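Peer 1: Can you build the whole structure from these sequences, using the hints too?
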Amino acid sequence: MAEIAQLKELAAQVRRDIVRMVFNCQSGHPGGSLGCVEFFVALYGKIMKHKPKPFKMDGRNQDMFFLSNGHISPVWYSVLARTGYFEVKELNTFRKLNTRLQGHPATHEGLPGIRIASGSLGQGISAAIGAALAKRLDADKRWVFCLCGDGELQEGQCWEAIMFAAHHKVDNLIVTVDWNGQQIDGPNDAVISLGNLPAKWKAFGWDVLILDKGNDLEAVAAMLQRAKRRTRKGKPVVVLMKTDMGYGVDFMAGTHKWHGKAPNQEQFDSAMAQLPVTALGDY
Amino acid sequence: MIKLNDIISTGSRATREGFGQGLLELGRSNSKVVGLTADLMESLQMQHFQKEFPERFFQVGIAEANMMGIAAGLATAGKIPFTGTFANFSTGRVYDQIRQSIAYSHKNVKICASHAGLTLGEDGATHQILEDIGMMRMLPGMVVINPCDYNQTKAATLAIADYHGPVYLRFGRPAWPIFTPENQKFKIGKALHLASGKDVTIFATGHLVWTSIEAAKELAAEGISCEVINIHTIKPLDDEAILDSVSKTKAVVVAEEHQRAGGLGDAIANLLVHRLPVPMEYIGVKDSFGESGKPVELLDKYGLSKKDVLWAVKDVLERK
Chain A
1 MAEIAQLKEL AAQVRRDIVR MVFNCQSGHP GGSLGCVEFF VALYGKIMKH
51 KPKPFKMDGR NQDMFFLSNG HISPVWYSVL ARTGYFEVKE LNTFRKLNTR
101 LQGHPATHEG LPGIRIASGS LGQGISAAIG AALAKRLDAD KRWVFCLCGD
151 GELQEGQCWE AIMFAAHHKV DNLIVTVDWN GQQIDGPNDA VISLGNLPAK
201 WKAFGWDVLI LDKGNDLEAV AAMLQRAKRR TRKGKPVVVL MKTDMGYGVD
251 FMAGTHKWHG KAPNQEQFDS AMAQLPVTAL GDY
Chain B
1 MIKLNDIIST GSRATREGFG QGLLELGRSN SKVVGLTADL MESLQMQHFQ
51 KEFPERFFQV GIAEANMMGI AAGLATAGKI PFTGTFANFS TGRVYDQIRQ
101 SIAYSHKNVK ICASHAGLTL GEDGATHQIL EDIGMMRMLP GMVVINPCDY
151 NQTKAATLAI ADYHGPVYLR FGRPAWPIFT PENQKFKIGK ALHLASGKDV
201 TIFATGHLVW TSIEAAKELA AEGISCEVIN IHTIKPLDDE AILDSVSKTK
251 AVVVAEEHQR AGGLGDAIAN LLVHRLPVPM EYIGVKDSFG ESGKPVELLD
301 KYGLSKKDVL WAVKDVLERK
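Residue numbers (this note's numbering), protein chains in the order written: chain A, 1 to 283; chain B, 1 to 320.
Since the hints were made in silico from the structure, they are not lab data. Given the structure is predicted, the values throughout are model-derived calculations rather than measurements. We put the CB at the ideal spot given by N, CA and C, even for glycine. Treat the hints with care, since some could be wrong.
[Claimed, not checked] One-sided excerpt, in silico: chain B residues whose CB lies under 8 Å from chain A:
# : residue
1 : A65
2 : A71
3 : K79
[To be verified] Now the stretches of chain B that chain A is said to cover, found in silico as 3 or more residues with beta-carbon under 8 Å:
# : stretch
4 : 56-63
5 : 104-111
Peer 2: Written out as structure tokens, the structure reads:
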């Protein structure tokens, strides 16, 4: 269990990594990545029991995580590297030819920490349910976590999965929704409104938790702990986590415009000036 | 080598029943095997497994995309999931889920697909998928198997549990002649020589293997010697067996219950055009959807009957 101060430093470094990775290859998705830094740092740094080396695909007797909105790979890669799954310097290869750090996460190149490809949206909750069912069959008491986007909930498969998990009482599963209200073409409400999201999840039979401060590390960690305590009561648990897309870089924050765009040199310099240097050091 | 006239039908049962029996046996022999269905348990004959192993069977409801994703997750955590729905809903409906979560992620999922092809019958073209082999064989790393009768389907079901990786297992709805041995060993990727001949090789898969045997018997009576090879595994293709036979006969007919585009015919043509080009004919549906009707009527109307094999063999021999 890392101290909060250490986790905050890790979060600060992960933000620097994200911007540097995306700038370095002039592509990728900084907005959602920056918004989910606290979630990933809390999950890998405090909440989950997991063993980076040797990485075990089947996750037996460990907690398992599935990223459904695979485009926010920069934040995941940074956190995986900095929690021991692979060398931090490998972040430099992101999106480049022959890399294990594909634009969207994949198992194909054997990157430790990744259990399934994601990128084509809507598939992650289903996969997480499968892993949770396997844990139940194996009497494995650990948890399965999944993160998905809010815009992603426009995919019908999500609701197939949400319906299934309630019916089959998959109660060793915690899904978190990155509720930043944005997607590529604009705010969710302008593209296709999600309506009353908490009511929808409730109506589908889930235990619904709402986290208003998704970019407050202590609040995220406390909420995920709370979510764990709500499991094993016959219902799957969802955390609707409000975040700011692009959090930490002023000109990227709160807009869909940095969903999938790399900063130019001037913007990069401005971002790096805002993001504090840490003792962990850049990759 | 079996002589053509020794290949006889010992009865009729649906290939899907062979799958159901195979899955039940797997349940008993391999605790990692789990079953899933999208509201078609009995159509797939999975009720035998479900009754004996209810905790290892998951009813997903009418939600095939979710079923493929759950199967991928179960496989990630070490299970060997067998998904069961119609071939149409096992492929085209969920192509992206299979592509990303199963094939690209190399998950040990067995996609088991019944009611393939025209022999689904009266339900008509919405359900008669004729493109599934093509879709599945395009996916890198996907094994594609289309067994020919009850016994072979059962054997294939058992065999794919021992193979680690994604598999598409295709079978059908109607009762169909049984002519391969009980309790046979099934080797993935190994073509089966059914009869030796010298004039032409008929490569057949699925239900059309029996049709091809019947045609070859009739041709033998006319003095035309057909080699008949059962290509139960369309991918990986048994290149060696195909080239061996074709180098002898130098004429090819391929028979399958599928579109001519993308199926076994194209797989074999692709091999031969590079290695051993010879006159070749396809038995398959010609760029068309099916329709309602009885299986035999449909096979006849769409050019997949015994008489079509006879015609194709004679045509290809003229071009030899």
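Peer 1: Against the earlier hints, flag every one the structure doesn't satisfy and list their numbers going up.
Peer 2: none
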